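Q: Read off the chains here:
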Amino acid sequence: MKNFTVDSSRWKLANNIIVVVLALWGIAVQNYSLKDVSTFEAFLIEAFAPIQRGALSTREKLANMLDHYVMIVNTSKDNAELRKEVKALNNQIFEFQEVKKENERLKQLLQFGKEIPREKVLAQIVSWDASNEFKVLRINKGSADGLKKMSPVITMNGLVGYVYRLTPNYADILTILDQNNRVDSIVARTRTHGIVEGISEFKCRLKYVNRTEKVEVGDEIITAGLGNIYPKGIKVGKITQIDKENYGITQSIVVTPSVNFHKLEEVVVLIEKEEKTENRDVAKEETNE
Amino acid sequence: MNKYGPKEILLGTIKTCLLLIVLEIFTTAFLPAMGIINFRPEFNVLIVLFLAFKLETPVLAWLIMIVQYVHSLFSIEGWAIGAFTGVLVSMSVRYLKDMLDFSTAISTIIVVQIFQVAWFVATSFLLSLKLGDFGNFFHLFWQDIPESLALSILSPFFFFVLDRVWRVKSKAVGVAI
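As given, the protein sequences belong to chains X and G, one line each in that order.
Residue numbering for the first sequence is 1 to 289, as defined by this note's numbering.
Residue numbering for the second sequence is 1001 to 1177, as defined by this note's numbering.
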């Protein structure tokens, strides 16, 4: 028994060392700006994402149930049938209203950014990242819809982020709230250059702005078009706080994004026309194989 | 002392992963769908802590890695930082075992909270090191604290469920194959 214990503890130590070494290698090669997925990972993400998407419809059903069933538990039996009909009609109206609202939102999204010379793919938010440290969204469009890694993602209010991880039918978006996403930007009024970086809690920071630059609270920040990711002129946010310390050569500027991430439901992915057709062909070939 | 056979480890791992997948979907999709975007409890941490506290098997490090791999499907955090931290925690548990008490709910909550704080210090440090920016270290650390308190309060119930999954109660603490 003693020998057995010694052997097992040695085995455990060996396993610990192997996993620690593997993990250190994993940390070293991990890229928080762009990610390739293996076929196995893509398969698992594709398998779980529809369930995540299903949570949205669950919410609507729950809301309907609470609104239309729980509140009327004590109604008299005589009115039950009539009330059922009214409920059914109300449900229908509610659904129509939701569809109408969605249509209006989608129309606005499609109308938006006509001047941007890229093809637009509408997508719905499926889920958020499981870790608090990362501000990442999952959407219901992937390489089969023509998306490509680093494709910019916007709404009619402004910039959301770019495609970080891609599977055939889903994509992860690294939002501008994430500290790994750096957006080359300019202050629209003064044309001052800076880098917008996420600091979480739905705020960003505009870095590397010289303290002599006369930027003000309320100034609008737009993309500079440098860096080959985002087209020029997309709204990023507004300056909401400026701290000029007595030391240092730059200012500490807090930016509130134009996009309300609390209420984000649909986004638009911008893709080059050639990219889209090429990706679709590749996705089709993969499906055929 | 009891032993865990390969079959028991495989079954326990599958059940644990399924439980984690359900909880990850709850955190990533259901809570945001309800409008709760800023509150995302990291159940993978709780599961890894359970494995570290209650299982004594030579393949514990690999189990931690599998749990973190499943977590990485729902987060761009990846598996590596959590696996590294989890193995370090499991090694430290070995030396602190006599001091750890899970006989009451309160003691479980306190132990889990202490180890979660240690976990978040380690992961925030590694993440800051990886990103080359220690400016956000305290922010990264503090933002996890509200969720960790909720997880600690849930931990007695959660450990009760995982005790059943791994049959810890009937086997006390398992031992190597």
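Bear in mind the hints are in silico, worked out from the structure with no lab data behind them.
Here the structure is a predicted model, which is why all the values come from computation and not from measurement.
Do not rely on the hints blindly, as some may be mistaken.
To be verified - Distance windows between CB atoms, simulated:
{"no.": "1", "chain 1": "G", "residue 1": "1134", "chain 2": "X", "residue 2": "29", "range": "34 to 44 Å"}
{"no.": "2", "chain 1": "G", "residue 1": "1097", "chain 2": "X", "residue 2": "94", "range": "50 to 60 Å"}
{"no.": "3", "chain 1": "G", "residue 1": "1134", "chain 2": "X", "residue 2": "24", "range": "15 to 25 Å"}
{"no.": "4", "chain 1": "X", "residue 1": "244", "chain 2": "G", "residue 2": "1015", "range": "33 to 43 Å"}
Unchecked claim - Over 12 Å on every C-beta distance to chain G, these chain X residues come out as not near it, computed from the model:
{"no.": "5", "residue": "30"}
{"no.": "6", "residue": "35"}
{"no.": "7", "residue": "121"}
{"no.": "8", "residue": "220"}
Unchecked claim - Among chain G residues calculated to face chain X with C-beta under 8 Å, some are:
{"no.": "9", "residue": "1028"}
{"no.": "10", "residue": "1029"}
{"no.": "11", "residue": "1033"}
{"no.": "12", "residue": "1040"}
{"no.": "13", "residue": "1042"}
{"no.": "14", "residue": "1075"}
{"no.": "15", "residue": "1077"}
{"no.": "16", "residue": "1078"}
{"no.": "17", "residue": "1093"}
{"no.": "18", "residue": "1095"}
{"no.": "19", "residue": "1099"}
{"no.": "20", "residue": "1113"}
{"no.": "21", "residue": "1147"}
{"no.": "22", "residue": "1150"}
{"no.": "23", "residue": "1153"}
For glycine and all other residues, C-beta sits at the position ideal for the given N, C-alpha and C.
Q: Hints first: check each against the structure and report whether it holds.
A: Structure-based check of all given hints:
| no. | hint | in the structure |
| --- | --- | --- |
| 1 | 1134(G) with 29(X): 34 to 44 Å | violated, 21 Å |
| 2 | 1097(G) with 94(X): 50 to 60 Å | holds, 56 Å |
| 3 | 1134(G) with 24(X): 15 to 25 Å | holds, 19 Å |
| 4 | 244(X) with 1015(G): 33 to 43 Å | violated, 57 Å |
| 5 | 30 | violated, 5 Å |
| 6 | 35 | violated, 7 Å |
| 7 | 121 | holds, 21 Å |
| 8 | 220 | holds, 25 Å |
| 9 | 1028 | holds, 4 Å |
| 10 | 1029 | holds, 4 Å |
| 11 | 1033 | holds, 4 Å |
| 12 | 1040 | holds, 5 Å |
| 13 | 1042 | holds, 6 Å |
| 14 | 1075 | holds, 4 Å |
| 15 | 1077 | holds, 4 Å |
| 16 | 1078 | holds, 5 Å |
| 17 | 1093 | violated, 12 Å |
| 18 | 1095 | violated, 13 Å |
| 19 | 1099 | violated, 20 Å |
| 20 | 1113 | violated, 17 Å |
| 21 | 1147 | holds, 7 Å |
| 22 | 1150 | violated, 12 Å |
| 23 | 1153 | violated, 18 Å |
Of the numbered hints listed earlier, those contradicted by the structure are 1, 4, 5, 6, 17, 18, 19, 20, 22 and 23.
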